[in-house]
Amino acid sequence: MTFSLFNKMEFIEQIHPNISLQRYNEISMIVVEHNTGKAIISLQGAQLLSWQPKSSAQDLLWLSEAEPFKQGVAIRGGIPLCYPWFGGAQQPAHGFARIRQWVLSDWQVSEHEVKLIFGLYSENNIAIARVRMSFAEDCRVKFTQLAKDEAQVALHTYFNIGDIEQTTIFGLPKQCMDRVADAVVEVPSPLTISKHTDYIYSGENRINHIEDKAHKRFIEVEHHNASNVVVWNPWTAPTSAISENGYRTMLCVETARVDEKLKQGDSLEVRIIQQ
Numbered sequence: 001m002t003f004s005l006f007n008k009m010e011f012i013e014q015i016h017p018n019i020s021l022q023r024y025n026e027i028s029m030i031v032v033e034h035n036t037g038k039a040i041i042s043l044q045g046a047q048l049l050s051w052q053p054k055s056s057a058q059d060l061l062w063l064s065e066a067e068p069f070k071q072g073v074a075i076r077g078g079i080p081l082c083y084p085w086f087g088g089a090q091q092p093a094h095g096f097a098r099i100r101q102w103v104l105s106d107w108q109v110s111e112h113e114v115k116l117i118f119g120l121y122s123e124n125n126i127a128i129a130r131v132r133m134s135f136a137e138d139c140r141v142k143f144t145q146l147a148k149d150e151a152q153v154a155l156h157t158y159f160n161i162g163d164i165e166q167t168t169i170f171g172l173p174k175q176c177m178d179r180v181a182d183a184v185v186e187v188p189s190p191l192t193i194s195k196h197t198d199y200i201y202s203g204e205n206r207i208n209h210i211e212d213k214a215h216k217r218f219i220e221v222e223h224h225n226a227s228n229v230v231v232w233n234p235w236t237a238p239t240s241a242i243s244e245n246g247y248r249t250m251l252c253v254e255t256a257r258v259d260e261k262l263k264q265g266d267s268l269e270v271r272i273i274q275q
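Going left to right, the sequence shown walks through residues 1 to 275 as the UniProt record's numbering numbers them.
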């Protein structure tokens, strides 16, 4: 079960009737409460931590109950932005963007939608990346590379599911890079998870569907401009900021540019909708 931040935060400022600034432990949060649903975004990492559309009985995103919410510590859950590199070959693992402070630079609110724009700036106050989020009947997170250097990026989405053993992912290729085995392998499609899974697929299939039988719902995940889709669940492998049984209610299906780096001006987007 995902950890809920609602009603646990300290109110700081009302930005708009539907948007407020709040804090949990050391992390400042943008909170959206709108007739289309609710969302929480951490200003550290411009990380969407929670999205519950009005039509859903549960949050669509998973957040670890073991997370300390300390500045400079990556938050386990929601949609972390892995940028400008993916993986642990460099430090900090998965890049610096998810532990840096971003700026809420613009917002728009209408009857049917909330849009937010976040910026990441260099030490010289030059924008190096932008994230646009929109919340309506669907959720969209769009990352745009503004820096001149090429970069990897992954929208590392943690989905909140009822039971990993009652979950199926549709629309994946039948071949992937297995990072646990460090080999290219043939895998079933549709895919079910029953072990430590860390698969990197080509992005040839633009849409995946997650059947969450325990919550009696399908989640559609639409990848735009992705070269890769990553599927991850640690199973029982010890993992920082995840409780012993946390793996049972989470599944990562990530929209990524690992093999094909983003150039200046390039974007990567994920669209999520509950069906």
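Just so you know, these hints were derived from the structure itself, not from any lab.
Hints are not guaranteed to be accurate.
Taking lysine-lysine and the DSS-like style, the derived pairs with C-alpha atoms no more than 30 Å apart in a straight line are [to be verified]: (1) K216 with K115; (2) K54 with K216; (3) K174 with K115; (4) K142 with K70; (5) K261 with K216; (6) K8 with K54; (7) K174 with K54; (8) K174 with K8; (9) K115 with K261.
Check the hint pairing K174 with K115 against an upper bound of 30 Å on the C-alpha distance.
Measuring from Cα to Cα gives roughly 36 Å; hence the hint is violated.
Would the pair K115 and K261 pass a check requiring their Cα atoms to be no farther apart than 30 Å?
holds (26 Å)
Quickly compare the C-alpha distance for K216 and K115 to 30 Å and report which way the hint goes.
Satisfied, since the Cα-Cα distance of roughly 29 Å is no more than 30 Å.
Going straight from one Cα to the other, do K174 and K8 come out at no more than 30 Å?
Roughly 43 Å separates the two Cα atoms, so the pair is violated.
For the pair supplied as a hint, K174 and K54, is the alpha-carbon distance within the 30 Å limit?
violated (35 Å)
K142 and K70 were given as a pair; does the straight-line alpha-carbon distance stay at or below 30 Å?
holds (25 Å)
Are the Cα positions of K261 and K216 separated by 30 Å at most?
Violated: K261 and K216 sit about 37 Å apart, past 30 Å.
Agreement of K54 and K216 with the hint, judged by alpha carbon distance not exceeding 30 Å:
With a Cα-Cα distance of about 16 Å, the restraint between K54 and K216 holds, given a limit of 30 Å.
Between the alpha carbons of K8 and K54, is the straight-line distance 30 Å or under?
Since the Cα atoms of K8 and K54 sit roughly 20 Å apart, the hinted pair holds (cutoff 30 Å).
In terms of the numbered hints stated before, the structure departs from hints 3, 5, 7 and 8, listed from lowest to highest.
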